[in-house]
Amino acid sequence: DTGVSQNPRHKITKRGQNVTFRCDPISEHNRLYWYRQTLGQGPEFLTYFQNEAQLEKSRLLSDRFSAERPKGSFSTLEIQRTEQGDSAMYLCASSSNTGRTGTYEQYFGPGTRLTVT
Amino acid sequence: GDSVTQMEGPVTLSEEAFLTINCTYTATGYPSLFWYVQYPGEGLQLLLKATKADDKGSNKGFEATYRKETTSFHLEKGSVQVSDSAVYFCALNPYNNNDMRFGAGTRLTVKP
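Quick mapping for you: the protein sequence lines, in order, are chains A and B. Using our numbering, the first residue of the first sequence is number 1, and each one after it goes up by one. Using our numbering, the first residue of the second sequence is number 1001, and each one after it goes up by one.
Be aware that a few hints might be false.
Computed list of lysine to any residue pairs in SDA-like fashion (alpha-carbon distance at most 25 Å, straight line) [unchecked claim]:
no., chain 1, residue 1, chain 2, residue 2
1, B, Lys1056, B, Leu1019
2, A, Lys71, B, Asn1098
3, B, Lys1077, A, Thr2
4, B, Lys1077, A, Lys71
Everything labelled a hint here was simulated from the structure, so no lab data went into it. Predicted model, so just to flag it, every value in this text is computed and none were measured.
Model the full structure from these sequences, guided by the hints.
Here it is in structure tokens:
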């Protein structure tokens, strides 16, 4: 178990360009989450998948954002026509049902820091 | 909606001092409560959790008790170390929901 991994760790792009981030969850976890964290704030939920199905999306996820998890394993988050306001840390987390309590403990990756210039 | 509010930082303590970071929550149901820690340059790590009222979560000398009557989940440690310097996030997972709600984080600096 190598934990949740994310690539790239850092991305600098010019306004208007498209960017794509990848998340590899813990292998036996069926749930995968994307969050955004801006400086001095806690993470904010963007979207989540159960297996390959995207089951919930936040209002923060504008039309320029799209996330996929095609085979129920890794996930990608794409931002089209990036804006300076998209600059943030993008965090991925994964979880599995802990059974009796139904509490989905989420394990986070190191994040991808996006800077839009 | 369901949310958490945690005390603003930064907090600066001397080594071996007692730590309290306050966290209160608002929820319509029966949420699970968590503390996460983020060390410099790293992702969030789960520190401890509590899933129902009166549960006490503990790990690495840190403790927090789920208090339904005061809607609180304060983080405590009896004797902090320099290595505890990090940002601490209180978080709530609404019952039967999937998105974790985080506080703004409290930066702790422990000086030798």
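> Holds or violated: are the alpha carbons of Lys1056 of chain B and Leu1019 of chain B at most 25 Å from each other?
Replying inline: Judged against 25 Å, a Cα distance of about 16 Å means the pair holds.
> Is Lys1077 of chain B close enough to Thr2 of chain A, meaning Cα to Cα at most 25 Å?
Replying inline: 29 Å, violated
> Straight-line Cα separation of Lys71 of chain A and Asn1098 of chain B no greater than 25 Å?
Replying inline: 20 Å, holds
> Is the hinted pair Lys1077 of chain B and Lys71 of chain A satisfied, with a Cα-Cα distance of at most 25 Å?
Replying inline: 43 Å, violated
Violated hints for the displayed structure, listed by number in ascending order: 3 and 4.
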